[in-house]
Every structure is written in C-alpha cells, then in structure tokens.
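> Once you know that position 56 of the sequence shown is 56 in the numbering used here, the rest is easy, because the numbers rise by one and skip nothing.
The set of hints was computed from the structure by calculation and includes no laboratory data. Keep in mind it's a predicted model, so treat the numbers as computed, not measured. For every residue, glycine included, the Cβ atom is placed at its ideal position computed from N, Cα and C. Just so you know, not all the hints are guaranteed correct.
[To be verified] Restraint ranges, calculated between C-beta atoms of paired labels, are given here:
id : residue 1 : residue 2 : range
1  : Gly191    : Asp231    : 17 to 25 angstroms
2  : Asp125    : Gly189    : 19 to 27 angstroms
3  : Gly188    : Leu107    : 20 to 28 angstroms
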Amino acid sequence: MKKMLSVLLSMVLVLSLAACGSRNTQPAEDGTAGSTAAESASVSAETVLQEEPSASETAGTAEESETTAGTEDTSEDAGGIIVTYFSWSGNTAQMAQLIQEETGADLFEIEPAVPYTDDYDTLLDVAQQEQSDNARPEIAGQVENWDSYDVVFVGYPDWWGDAPMIIYTFLESYDWTGKTLVPFCTSGGSGFGRSLDKLSDSAPGAEILEGLHVSGSSVDGAGEEIASWIDGLNLA
Numbered sequence: 001m002k003k004m005l006s007v008l009l010s011m012v013l014v015l016s017l018a019a020c021g022s023r024n025t026q027p028a029e030d031g032t033a034g035s036t037a038a039e040s041a042s043v044s045a046e047t048v049l050q051e052e053p054s055a056s057e058t059a060g061t062a063e064e065s066e067t068t069a070g071t072e073d074t075s076e077d078a079g080g081i082i083v084t085y086f087s088w089s090g091n092t093a094q095m096a097q098l099i100q101e102e103t104g105a106d107l108f109e110i111e112p113a114v115p116y117t118d119d120y121d122t123l124l125d126v127a128q129q130e131q132s133d134n135a136r137p138e139i140a141g142q143v144e145n146w147d148s149y150d151v152v153f154v155g156y157p158d159w160w161g162d163a164p165m166i167i168y169t170f171l172e173s174y175d176w177t178g179k180t181l182v183p184f185c186t187s188g189g190s191g192f193g194r195s196l197d198k199l200s201d202s203a204p205g206a207e208i209l210e211g212l213h214v215s216g217s218s219v220d221g222a223g224e225e226i227a228s229w230i231d232g233l234n235l236a
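Start from the sequences and build out the full structure, keeping to the hints where you can.
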C-alpha cells in the first residue's frame with residue numbers, strides 16, 4: 001500500500017513539473033508583448049527624427065540663411081548717384097546744389113588744373129580757341145569710387161553753342177559702361193546747343209537720359225522745375 005502511494009505521489013509530482021515548464025516556455029499566441037516593445041521603440045525613433053532635423057536639413061537651413069543675408073547685403077550696397085558739374089559764373093553750381101538736395105546724391109566739382117580767367121571777354125576768346133583746337137583741358141581732381149555710382153548727373157554752362165571742352169575731358173576720363181548719364185545745363189537762353197549730340201561719343205556705353213536746361217537768370221526759382229524733372233526720370 002505504501003509502495004502504491006509512493007508511485008502515485010511520484011506521478012503527480014512529475015505531471016505538476018511538466019505543466020509548470022510548459023507555461024514558462026510557451027510564447028504568447030497573439031505576440032502582444034513582443035509587438036508592444038517593438039512599436040514603442042519605433043515610435044520613439046520617429047519622434048526623435050521629427051523633432052530633430054537631420055544633418056543635411058540643418059546644413060540646408062544654414063545655406064538658406066547665408067543666401068538671405070547675402071541678398072540683404074547686396075541691396076544695401078546698391079549703386080549710388082553723383083552730381084558732377086563745371087561752373088564758371090556760379091549758375092551751374094547753384095543748379096547742381098538743387099539737384100543734390102533733391103536726390104541726396106554726392107557732389108563733385110569739375111575744376112580745371114589751370115583756372116580760367118575771371119574776365120568775361122577774355123573767357124569768350126579762350127573758350128572759342130579751345131573749341132577750335134578740340135582741346136582737352138586738364139582737370140584738377142577725380143571722382144573717388146567711380147565704380148560705386150550708377151547714375152551720374154553732368155552739368156555745365158553753354159559756351160559758344162557747346163559744352164566747355166573740359167566736360168569732354170571729364171567724360172573721357174572714366175568708363176561709362178552700364179552707367180546712366182543725366183545732363184543739365186545753364187545759359188543765357190541757347191540751351192544745350194550741340195553738346196547733346198556729342199555726349200555719347202565721349203561717354204560710350206552710357207545710357208543718356210533727358211536733360212534739363214535752365215536759364216542762368218532763373219536758377220533761383222527753378223526748384224520745382226528741377227524736382228519735377230528728376231521725378232520724371234524714374235531713377236528709383
């Protein structure tokens with residue numbers, strides 16, 4: 001009897017151990033536990049990628065920023081305007097000042113290396129002789145930073161139906177490629193004379209806009225006329 005009980009107890013013990021081993025080693029049928037862990041890892045990785053741009057995206061953003069900065073700098077460095085002039089009696093100088101005030105441009109006086117006489121009658125003879133000789137009187141100075149100007153006003157009095165020859169010296173001293181030349185003139189009433197037909201020969205490459213002539217005796221009251229003329233040039 002005792003022997004049979006021992007056998008029965010042994011069999012029960014073996015069956016119990018087998019059942020426990022089966023429960024510990026059998027995988028879940030729906031794979032829930034494994035899927036949940038994988039999905040969590042995947043979600044975490046996606047979250048990081050969405051919140052933190054890749055190295056290539058970061059580089060692209062930096063390049064875009066540099067491009068934008070470069071564009072802004074180019075805009076700030078846009079070409080300027082300068083008003084240049086030769087004046088003997090002061091009328092053209094006064095007109096140049098009015099243009100400068102209207103445009104905010106820089107100002108440059110074209111001065112001869114050897115000053116002209118103060119005597120009007122003698123000046124007439126000198127001017128006529130210079131035209132006859134097609135002279136190019138020497139200029140005392142030069143425009144600094146010429147390349148920084150896109151628009152150049154050029155003013156002069158009318159002498160014997162033409163610009164003073166020193167104006168042609170000035171024009172021929174610079175490269176006018178891609179620049180805009182705007183002439184203005186003062187005189188006793190003869191206007192630009194034949195100078196407008198000659199400007200392009202001495203300033204090749206320049207775009208020449210419509211000029212303005214003002215009588216020397218009317219310069220004092222020419223502010224509105226000058227403002228209207230400049231507005232019509234559409235320089236902005």
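> Now look at each hint and say whether the structure bears it out.
Outcome of the hint check:
Our hint of 17 to 25 angstroms for Gly191 and Asp231 holds, since their Cβ atoms are close to 21 angstroms apart. Look at Asp125 against Gly189: about 21 angstroms separates their beta carbons, and that is inside 19 to 27 angstroms. Remark: the range hint 20 to 28 angstroms for Gly188 to Leu107 is upheld by a beta-carbon distance near 25 angstroms.
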